[in-house]
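Student: Read off the chains here:
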Amino acid sequence: MSYQYNIGCSLENLKGVRDFIRKSLRSHVVSDVVLNEIILALDEMCSNLMIHAHHCNPDHHLEMHIDIPQKGKFIFEIMDDGEMFDINRFHEPDIDNLVHEKRKGGLGIRLVKSIMDEVVYTNLNGRNVCRLTKTIK
Amino acid sequence: MVHIKRLQEDGADILAVVGEIDASSSIELDLAIAKSVGEGSTKILVDCSALEYISSAGLGVFMSYIEEFRDKNIRMVLFGMKEKVANTFQILGLADLLHISSNKLEAKKLLNELSV
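Taken in sequence, the protein lines are chains A and B. Oh and the first sequence: position 59 is 58 in my numbering, straight run, nothing missing. Add 36 to the 1-based position in the second sequence for my numbering, that's all there is to it.
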């Protein structure tokens with residue numbers, strides 16, 4: 000089973016992204032908590048890309064693919080044409096540091112890495128592809 | 037996408053958060069808390085029973101007030117979270133940094149204990 004969704008880079012569109020993921024995965028993920036975790040991680044990835052790689056330009060688009068090759072195995076791909084925003088190159092800030100510096104950011108990357116099994120970046124025909132994988136037992 | 041209702045009860049400000057908080061709507065939460073603090077509230081309860089979703093942008097808002105509240109002796113307790121929402125706080129270990137209760141009664145009790 001596979002699903003696709005195209006998103007303009009506006010934060011207003013995140014709600015639509017979440018609805019798409021929820022609808023696509025509803026019959027594949029039993030736990031409401033696990034489903035919310037997956038939605039959260041992908042929301043964080045999209046908002047990071049929209050803000051940092053596309054400066055919230057609604058004319059720029061992200062393309063999201065969901066592939067479920069077998070029961071309990073999920074492959075999510077987000078493709079875009081911007082500068083690559085590789086979360087593996089960012090160190091997650093220390094939680095105490097976040098409190099001290101009153102930074103309202105940096106938590107998202109930590110969430111994504113906690114929730115997903117793997118986050119890998121590749122390049123396909125000049126486009127950035129971010130592949131996130133998750134296996135649910 | 038998110039609606040925040042404010043009411044006063046037993047000397048505390050209750051902010052009821054209804055809907056979803058993400059990167060586009062977290063500003064609403066920030067403004068509501070800032071307004072409450074700006075008007076002199078020192079006891080704030082955040083009713084999360086109708087909060088369906090929160091992303092890091094919303095968590096960041098709560099985090100950003102921790103030091104200010106400590107300095108100004110303002111107490112804030114969150115309560116009534118659905119399991120999926122509570123889980124988001126737990127993934128990051130924020131349950132240890134913020135005050136979270138399961139229901140309003142316990143939240144009020146905790147608020148008063150913190151005030152002593």
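Hints in this document: simulated from the structure, not taken from any laboratory. Errors might be hidden in some of the hints.
[Claimed, not checked] Cβ pair distances, simulated, as ranges:
(1) 106/B x 126/A: 45 to 51 Å
(2) 96/A x 109/B: 21 to 27 Å
(3) 27/A x 47/B: 34 to 40 Å
(4) 118/B x 68/A: 44 to 50 Å
(5) 85/A x 104/B: 38 to 44 Å
(6) 67/B x 2/A: 34 to 40 Å
(7) 136/A x 118/B: 20 to 26 Å
(8) 70/A x 141/B: 41 to 47 Å
(9) 106/B x 62/A: 43 to 49 Å
(10) 57/A x 44/B: 35 to 41 Å
(11) 71/A x 139/B: 31 to 37 Å
(12) 89/A x 126/B: 42 to 48 Å
(13) 76/B x 134/A: 18 to 24 Å
[Claimed, not checked] No farther apart than 27 Å at their CA atoms in a straight line, the calculated lysine-lysine pairs in the DSS-like style are these:
(14) 108/B x 136/A
(15) 140/B x 118/B
(16) 118/B x 22/A
(17) 144/B x 108/B
(18) 108/B x 70/A
(19) 133/A x 120/B
(20) 133/A x 112/A
(21) 71/B x 118/B
(22) 71/B x 140/B
(23) 145/B x 22/A
(24) 133/A x 118/B
(25) 145/B x 120/B
(26) 120/B x 136/A
(27) 120/B x 41/B
(28) 14/A x 41/B
(29) 118/B x 41/B
(30) 72/A x 120/B
(31) 112/A x 120/B
(32) 14/A x 72/A
(33) 14/A x 144/B
(34) 118/B x 112/A
Note that beta-carbon positions come from the ideal geometry of N, C-alpha and C, so glycine has one too.
Student: Next, verify each hint and record whether it holds.
Tutor: Results of checking the hints against the structure:
At about 46 Å, the beta-carbon gap between residue 106/B and residue 126/A stays in the expected band of 45 to 51 Å. A hinted range of 21 to 27 Å for the beta carbons of residue 96/A and residue 109/B is consistent with their spacing of about 23 Å. Separated by about 48 Å at the C-beta atoms, residue 27/A and residue 47/B break the suggested range of 34 to 40 Å. In this structure the supplied range 44 to 50 Å is violated for residue 118/B paired with residue 68/A, their Cβ-Cβ distance being about 31 Å.
Under the hint 38 to 44 Å, the C-beta atoms of residue 85/A and residue 104/B, about 33 Å apart, miss the expected range. Residue 67/B and residue 2/A have their C-beta atoms about 36 Å apart, which keeps the hinted 34 to 40 Å range intact. A hinted range of 20 to 26 Å for the beta carbons of residue 136/A and residue 118/B is consistent with their spacing of about 23 Å. Between residue 70/A and residue 141/B, the C-beta spacing of about 43 Å keeps the proposed range 41 to 47 Å intact.
Our hint of 43 to 49 Å for residue 106/B and residue 62/A holds, since their Cβ atoms are close to 44 Å apart. Taken as a hint, the range 35 to 41 Å holds for the pair residue 57/A and residue 44/B, whose Cβ atoms sit roughly 40 Å apart. In this structure, residue 71/A and residue 139/B meet the distance hint of 31 to 37 Å, their C-beta atoms being roughly 35 Å apart. One distance hint, 42 to 48 Å for the beta-carbon pair residue 89/A and residue 126/B, is violated here, with the actual separation near 22 Å.
For residue 76/B and residue 134/A, the Cβ-Cβ distance of about 51 Å falls outside the hinted range of 18 to 24 Å, so the restraint is violated. The straight-line distance between the Cα atoms of residue 108/B and residue 136/A is roughly 47 Å, outside the 27 Å bound, and the hint therefore fails. A distance of roughly 13 Å separates the Cα atoms of residue 140/B and residue 118/B; the hinted pair therefore holds under the 27 Å criterion. Of the pairs offered as hints, the one joining residue 118/B and residue 22/A holds, with about 20 Å between alpha carbons and a cut-off of 27 Å not exceeded.
With a CA separation close to 19 Å, the supplied pair residue 144/B and residue 108/B stays within the 27 Å bound. Note on residue 108/B and residue 70/A: the hinted pairing is violated, with a Cα-Cα distance of about 52 Å set against a maximum of 27 Å. At most 27 Å may separate the alpha-carbon atoms for a hinted pair to count; residue 133/A and residue 120/B meet this at roughly 18 Å. Restraint check for residue 133/A and residue 112/A: the C-alpha separation of about 11 Å stays at or below 27 Å, so the hint holds.
The suggested pairing of residue 71/B with residue 118/B holds, with an alpha-carbon distance near 26 Å, which does not exceed 27 Å. Taking the CA atoms of residue 71/B and residue 140/B, the gap is about 22 Å. The hint holds against a cut of 27 Å. Between the alpha carbons of residue 145/B and residue 22/A the distance comes to roughly 40 Å, so the proposed pair goes past 27 Å and is violated. Of the supplied pair hints, the one linking residue 133/A and residue 118/B holds, its CA atoms being roughly 23 Å apart against a limit of 27 Å.
As the CA atoms of residue 145/B and residue 120/B are separated by approximately 24 Å, the hinted pair is consistent with the 27 Å bound. Restraint check for residue 120/B and residue 136/A: the C-alpha separation of about 18 Å stays at or below 27 Å, so the hint holds. For the suggested pair residue 120/B and residue 41/B, the alpha carbons sit about 22 Å apart, so the restraint of at most 27 Å is met. Taking the CA atoms of residue 14/A and residue 41/B, the gap is near 21 Å; set against the 27 Å cutoff, the hint holds.
Between residue 118/B and residue 41/B, the direct Cα distance comes to roughly 18 Å. Compliance with the 27 Å bound is thereby established for this hinted pair. Between residue 72/A and residue 120/B the alpha-carbon distance is near 21 Å, which keeps this suggested pair within the 27 Å criterion. Taken as a hint, the residue 112/A and residue 120/B pair is honoured in the structure, with Cα atoms around 18 Å apart against an allowance of 27 Å. Restraint check for residue 14/A and residue 72/A: the C-alpha separation of about 24 Å stays at or below 27 Å, so the hint holds.
Taking the CA atoms of residue 14/A and residue 144/B, the gap is about 33 Å. The hint is violated against a cut of 27 Å. Under the criterion of a C-alpha separation no larger than 27 Å, the hint pairing residue 118/B with residue 112/A is consistent with the structure, at around 23 Å.
The structure shown violates the earlier hints numbered 3, 4, 5, 12, 13, 14, 18, 23 and 33.
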